[in-house]
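Trainee: Spelled out from the first residue to the last, the chains are:
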Amino acid sequence: MFQSPLRKPLIEGTKSYRSITTDIIDPMMNKPGKLWYFGVTLSGAAMMFGLFMMFWTVWQGIGTWGENRTVGWAFEITTFVWWIGIGHAGTFISAILLLFRQKWRNSINRSAEAMTIFAVICAALFPLIHLGRPLLTFFIFPYPNTRGVWVNFNSPLVWDVFAISTYFTISLIFWYVGLIPDIGTVRDKLKKGFKKSIYNFLSFSWKGSARDWHRHEITSIMLAAIATPLVLSVHSIVSMDFATSVLPGWHTTIFPPYFVAGAIYSGFAMVLTLLIIARKAMKLEDYITVDHVESMNKILIATGSIVALAYIAEIFISWYSADEYEYYNLVNRVTGPYNWAFWIMIICNVVSSQLLWIKKLRTNLAFTFFLSIVINVGMWFERFVIIVISLHRDFLTSSWTMYKPTIVEFGLLIGTLGIFFTSFFLFIRVFPVISIFEVKSIHRISGEKKGKDLISNE
Amino acid sequence: MKKKVKTLLAMNSRNYISVFFSDEEPLLQAVRKLLASNETILDVRSPFPVHGLDKLLSIKRSRIPVGGFIFGALGATLAFSFMAWVFTVSYPLIIGGKPYFAAPSFIPITFECTVLFAGISMVAAMLIRSRLKPDIRFVPVDEKITDDLFVVLIDSANGKTTLEKIRSALSDIQTVEIR
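Those protein sequence lines, which keep their order, are chains A and B. Quick note: the first sequence uses my numbering, first residue 1, plus one each step. Quick note: the second sequence uses my numbering, first residue 459, plus one each step.
What the hints contain is simulated information worked out from the structure, not anything from laboratory work. Even glycine gets a Cβ: it sits at the ideal position worked out from N, Cα and C. Be aware that one or more of the hints could be misleading.
Residues from chain A shown here face chain B by an in silico Cβ test under 8 Å; the list is partial [as the list claims (entries may be wrong)]:
| # | residue |
| --- | --- |
| 1 | Val149 |
| 2 | Ile170 |
| 3 | Lys207 |
| 4 | Arg215 |
| 5 | Ser233 |
Listed below are the simulated PhoX-like cross-link pairs for lysine-lysine, each with C-alpha atoms no more than 25 Å apart in a straight line [said to hold, decoys possible]:
| # | chain 1 | residue 1 | chain 2 | residue 2 |
| --- | --- | --- | --- | --- |
| 6 | A | Lys103 | A | Lys360 |
| 7 | B | Lys602 | A | Lys189 |
| 8 | A | Lys196 | B | Lys602 |
A few chain B residues facing chain A, derived, Cβ under 8 Å [claimed, not checked]:
| # | residue |
| --- | --- |
| 9 | Val502 |
| 10 | Leu511 |
| 11 | Ile517 |
| 12 | Ala560 |
| 13 | Phe564 |
| 14 | Ile578 |
| 15 | Asp605 |
So that you can see chain B by itself, here it is in the shape it has in the complex (with noise of 0.2 Å):
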């Protein structure tokens, strides 16, 4: 689905039909509308996080709360084992009279690591996850998008959706533009 919308979007030809809200509210009864005649939505683009969006495009709730936690895991484990081995293999010296193997005071640095490790991989994840990356070339469909301007883009490569079917499905609803 996503490699689709990026292709479909690079080639910047009529395959996709946008249409265009000023609010929430009209553009989730438009998603509902268009999901029961069978349209194909591609992406729907919004300034701020539209809530019931997720259910309505069956968007799977992300694994990046995983992965951090494997890589939280990961930072834990290199964090002490690490310290372990210094103190234990590597140059066991007596610190104050305590053991070798002063698990307790190895914590702080292994919860420090732990969260180091899985914030950073979480956030790399979504990045990637997303395709954020620097790029001066990036045009918007919109860019009133980022501010006021609510997008549903609608796959009209299968020849079947044209505009005007998509405006008489959503006459009653109230959109800023259709094209």
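Chain A extracted, bound-state conformation (with noise of 0.2 Å):
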């Protein structure tokens, strides 16, 4: 085998085999830090507060929100497309840079792919409870009923929960058939005991034999392979809610790729602000480094661009359509009521990702970690311009209204993000955060090598 010495080590520090294992399970298997129990009560108080938020909306009803006549999706389909584009990141890293065999995803992989499901959890919340009759939430599934009708499959919203639960399941089992030989690990690490049993039934029984590595590996390829259009199909069929109807600045073709490129915007972003507290908080910098930030980097690049151009396509088609109501909609944005939300999404978006041409930046953690931050917030009010601004000024002049959201709306926000710090704050002390079996295969090539094993043939 062959380490070109031209191309930065992905693991950094002479290790073995099993140093790799005892850096990523200590931690696991230590007890947690201060500051675990600092963000665990944290998060914890978050979600209690959303919890009650969610009770309180159920319990009083929508009318508690300040959504109104004209503007009637407003705050809550404003975080649930942000959550669902923040969980596309996770996929897009398990899936599509397993196809294209990138090595550096696999420190990373683990977490992100459980910041999926936990986005997704947290954005299924939202329509849910958007439907302010929660318990009515069966009429969606296409069951011989009493009522005598089916739902309507022609609808964007129907695709939505075919795409959501199907998105939801496939990468709950994605990242639990990468996680079975790592809780076997986990359970060979332990000793006998209540622990044991439990890792040793999550672990399916895992024995490492030369035939289940390979349908192991074919499995995840496999999956990768159809998680790959999937996770572009969520989003698009997201996107459509908006698209297929008839509202200007909803109604436009490049709705699609632009909302997929800016959910693996946002998720690269919600990915980088994660570990770079993790890989301090369980020390593993020398799996999750600088290196590693910097390629994330290049890719919020890649995307923040094409979110660039897709607003100014928006922009430019807003003047060649010759729509008088497309053509308000921008002059809406841009100057309306609500123009503070176009340009703080303008500078947190465009601009901000911009600066990571210059190399000293994006290999800066404080200046990353607080630009995922930035891009998060321009990310949550980029949805937020598309929907609220198109809505608050109606076809009518006298529908025209603004919307001010409440604190019940703050506190559901608030909430999902507790839920999903708490869930990740709770994975990281179950599971291994980064996947074991994966670094330790890469090991003997992309490690760091003492001079002479440099060049090394089989």
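Using the supplied hints, reconstruct the complex from the two chains, each of which is provided in its own coordinate frame.
Mentor: Laid out in structure tokens, this is it:
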């Protein structure tokens, strides 16, 4: 085997297989530090606040929100689309980068996939509570019923139900299939006892046989192959919730690719937010290196530029189409009462990611962390701009109105952030955050070597 | 072959010899040597997939993708024909002036069902074929196999293969333990 002396190692420090196992498992086995307790308390409190607001919404009704007859969709759908978008980076890392044989993904795929699952859970809560009567959710499922009707399969809202539930299921099993060998590792590290039995149960009696590995690899690559179009379809379908309507600002064919690029953009920002904390808190600097951060920042440049191009295309088309409603919508975005949201969106999404062309900035962790939060704020406002600004100026001027979110709605956003981070904090205590077997399999080729090992033949 | 592995390992008698290695290179060399001296390799276990081993052990390419394709096609057919049936036979309803049989708008759900069926079937096939199931009584051959140990299990039930024979065959390869 040959290791290119030109390429920087993906894993820093001289490691053995044993030390890789202990490096990754130890922070999980040892007593958690103060930072963990602090984090879990904070996010747990946010979660409880959000759960109370959810209860309040269901108890009192949708009237507790700021929505009105003109702006029927606002904060919740914005947050829903935002969360779904965040989930997309996990699948991008685990599926698309696997198909492209990007070895650097091996250190980050596990946590990114976990992030996907938690983000989709957060997202799925919103349509549920947006119904106002969550107990009637089952109306959306096509089953022979006493009402004598079927759901409307022509509606993107029904497509959404299928897309998101499929996406959640496939992400979950993809994640778990990857976890099985690592749960086996945890199992074998534990001493006899209750905990070991649980991991033994969860490991599906993984034995590491050559045939099992063969099937495991084929299944993983095939799941990646089907998850790739799936992830593109999910956000395309979410965008069709808007694009198939006749509302100026929503009624555009650019939406599916635009939403997908935006989703991956915000998702990578969230991965960076999480991993820059996790690598420090769990002492995983050797595995999630500055190079990993830089690679992710490069993807931010690419997707951020696609998003910028989409904005430009939208602006151009609203003028070129000569549709006065569409053109008014653009003018209203830039100069109307919500123009601050538009400018936050432009500054946070377009300007910020272009700074990453400077190598000094994209290898700077503190700056990247700050930027990742800025981008997530910007991406939230992008959806807000699309949804609220397009709605609040109705075709009838008598229906023109403004929308103001209430504390309950902020509570729901804070609450889902709480659910997301609490789940992540619990996840890092229960399962290995880095895919141990995948890191081991690239260790020989991409690990740091002593001089004489640089070129070794099989 | 697989049944044999299972029964032999379950008997927990000296029907197999295990050779332990600390890395994949000596493992691959040893497997080549053992195959050359006509030993039967029951199984090779490793902490991560060892590339090149599939060919040596002549493991046939798994047909899991074929199963995935069949179930995916089934999912597509079921989803599409169900929606077509609902809107043309069971409850024809004009929605937004579109025809009853609005095939393009059935595509997204058809696609999602294809992916769902294919994904679940492939994972199920993998679990069934590798006999992976939750079992709290499972005991691995060695607890370090999932950490940093590679092991080759050699069939010694035929009486001809002995520890000494294996030891001398692998004398120039770096092994951790032969037992």
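Trainee: Please go over all the hints and tell whether each is borne out by the structure.
Mentor: Cross-check of the supplied hints:
1. Val149: holds, 6 Å
2. Ile170: holds, 5 Å
3. Lys207: Given a least distance of 6 Å, the restraint on A/Lys207 holds.
4. Arg215: holds, 5 Å
5. Ser233: At 6 Å from the nearest chain B Cβ, A/Ser233 passes the 8 Å test, so the hint holds.
6. A/Lys103 with A/Lys360: Roughly 24 Å separates the two Cα atoms, so the pair holds.
7. B/Lys602 with A/Lys189: Answer holds: B/Lys602 to A/Lys189 is near 8 Å, not above 25 Å.
8. A/Lys196 with B/Lys602: holds, 15 Å
9. Val502: holds, 4 Å
10. Leu511: holds, 5 Å
11. Ile517: Check passed: Cβ of B/Ile517 comes within 5 Å of chain A, closer than 8 Å.
12. Ala560: Holds: closest Cβ of chain A sits about 6 Å from B/Ala560, inside 8 Å.
13. Phe564: holds, 6 Å
14. Ile578: holds, 7 Å
15. Asp605: holds, 5 Å
The structure meets every hint from the earlier list without exception.
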